[in-house]
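A.B. asks: Sequence:
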Amino acid sequence: MLDAIEVLRGMNTDNARKLPADAPTGFIKPRWQKLVMTDAGIDRRYYELCALSELKNSLRSGDIWVQGSRQFKDFEDYLVPPEKFTSLKQSSELPLAVATDCEQYLHERLTLLEAQLATVNRMAAANDLPDAIITESGLKITPLDAAVPDTAQALIDQTAMVLPHVKITELLLEVDEWTGFTRHFTHLKSGDLAKDKNLLLTTILADAINLGLTKMAESCPGTTYAKLAWLQAWHTRDETYSTALAELVNAQFRHPFAGHWGDGTTSSSDGQNFRTASKAKSTGHINPKYGSSPGRTFYTHISDQYAPFHTKVVNVGLRDSTYVLDGLLYHESDLRIEEHYTDTAGFTDHVFALMHLLGFRFAPRIRDLGDTKLYIPKGDAAYDALKPMIGGTLNIKHVRAHWDEILRLATSIKQGTVTASLMLRKLGSYPRQNGLAVALRELGRIERTLFILDWLQSVELRRRVHAGLNKGEARNALARAVFFNRLGEIRDRSFEQQRYRASGLNLVTAAIVLWNTVYLERAAHALRGNGHAVDDSLLQYLSPLGWEHINLTGDYLWRSSAKIGAGKFRPLRPLQPA
4 MLDAIEVLRG MNTDNARKLP ADAPTGFIKP RWQKLVMTDA GIDRRYYELC
54 ALSELKNSLR SGDIWVQGSR QFKDFEDYLV PPEKFTSLKQ SSELPLAVAT
104 DCEQYLHERL TLLEAQLATV NRMAAANDLP DAIITESGLK ITPLDAAVPD
154 TAQALIDQTA MVLPHVKITE LLLEVDEWTG FTRHFTHLKS GDLAKDKNLL
204 LTTILADAIN LGLTKMAESC PGTTYAKLAW LQAWHTRDET YSTALAELVN
254 AQFRHPFAGH WGDGTTSSSD GQNFRTASKA KSTGHINPKY GSSPGRTFYT
304 HISDQYAPFH TKVVNVGLRD STYVLDGLLY HESDLRIEEH YTDTAGFTDH
354 VFALMHLLGF RFAPRIRDLG DTKLYIPKGD AAYDALKPMI GGTLNIKHVR
404 AHWDEILRLA TSIKQGTVTA SLMLRKLGSY PRQNGLAVAL RELGRIERTL
454 FILDWLQSVE LRRRVHAGLN KGEARNALAR AVFFNRLGEI RDRSFEQQRY
504 RASGLNLVTA AIVLWNTVYL ERAAHALRGN GHAVDDSLLQ YLSPLGWEHI
554 NLTGDYLWRS SAKIGAGKFR PLRPLQPA
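Using the working numbering, you'd call the opening residue of the sequence shown number 4 and step up by one each time.
To be clear, the hints were calculated from the coordinates, so they are not data collected in a lab.
Hints should not be assumed to be uniformly reliable.
Claimed, not checked - Listed below are the simulated DMTMM-like cross-link pairs for lysine to aspartate or glutamate, each with C-alpha atoms no more than 20 Å apart in a straight line:
1. Lys21 <-> Asp6
2. Lys417 <-> Asp352
3. Lys92 <-> Asp407
4. Lys21 <-> Asp42
5. Lys143 <-> Asp387
Make the full structure from the sequences, and use the hints.
C.D. replies: Here you go:
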């Protein structure tokens, strides 16, 4: 293929139109044959397209690399050096959550898999699967019933009526008073804090509400575009946004009331599409799932306590699963996630494998689960009741042959030598015969089969996943409400500015979640003090994602008189007597 590129380069230099008779054709795949090889000979235009297409695929998969490139370097260069890996393995210091001896690992997982297959086969044959049935036509699972009881809805309505009305500027000032999150936006060169905190908050808010610095300067009396642009250039960066976000997430994580929603060990992630327009239109990508307009996706992770602890701007054409691990591994908060939920777009067998190796329980909500096949350890084993769902036999020899490569890859991702998303993109682009990609897929099939067997047996697991994903969808609604300017479209051409938009939006969303958490607790106490019966078991149904009481529009004024003061809170709205 590289010879073909050289031939084309020479033709362009010489302004030649006809391909030489000895032009290389060995790289032409069967799907290109009819277009390139015609009765009249080789079609030059399709030959060129074929060569460029194969070059693109080879660069993505790592079969061809570019010296000095960050994204397209040799696959080996992404991983921890072989000597370091060998040393870590021999001293039992690999940072992985599984047994590093191949035979021990396979014995444990395959023994568990055989036991689970036998159990579910027996339950399916006796029609004992909870709210599920497997017939010759496939799997049917009864949909979950409504999760919010009427008594909880009454409490939700009562608390919403007493939360104080607040402007978004006042909310940010109050949250900064509690946490001091603005101290993380230090000067790039000197490390000093911003001299004008209100100006810094104005810059952050301009990103969050998608207004931009020019329009924000017009909406904020006494502020100029030049001042905002200078502050953004020197004080707002990916790392300052990230540490400030961690400050807010940690504050909410430590708040006692957040414990009603979870313990901070489970999370979910989801992509939210924003259309690109104006100057940014050419940077967007089209995904039929979101219609025919180009767009960008903000891929966000949210904890079981509703805190959005990581966000990333990605192309809408890419499968969500590529970015699932990034948020779990590279967030800076104190959350210790153990179980993670996604929708169908968030899973592949490679993700299942790496999640398990790195110590996370992966639980996606898989659409058309009956079409997702189970894999069994031995081809001669009989699981008659599961026959419609069995897709084949595991090829364990691939795992044994590439075990050290799998461990080295997982170690490199865990230690941050390379990001999980970059490796998953490359593995997904590899030719089918690539040994590491196939071995990791087989490992993922073990974990995916175990997960599906758990799903069939446990209604509680289905409820957990459903509840976790609902929290992410509710957060998306809040984010859409905050990001309302410019019709909710991204119009910044540079990827850096688009990242700042996503980071600002996520930071302000986290601030709203923290503020609501604090005041929901105060509202619950006030209701009790006013004679209302508040059942602790119903507090889990309250959500800190409401925004009806928050004024997101108008002039953005930072009044010093609006500050509440340390240890003080806004008065709640008047309560109706019980």
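A.B. asks: Please go over all the hints and tell whether each is borne out by the structure.
C.D. replies: Hint-by-hint comparison with the structure:
1. Lys21 <-> Asp6: Roughly 16 Å between the alpha carbons, so the hint for Lys21 and Asp6 holds.
2. Lys417 <-> Asp352: Within the cut-off at roughly 18 Å; holds.
3. Lys92 <-> Asp407: 9 Å, holds
4. Lys21 <-> Asp42: Judged against 20 Å, a Cα distance of about 15 Å means the pair holds.
5. Lys143 <-> Asp387: 17 Å, holds
Of the numbered hints stated above, none is contradicted by the structure.
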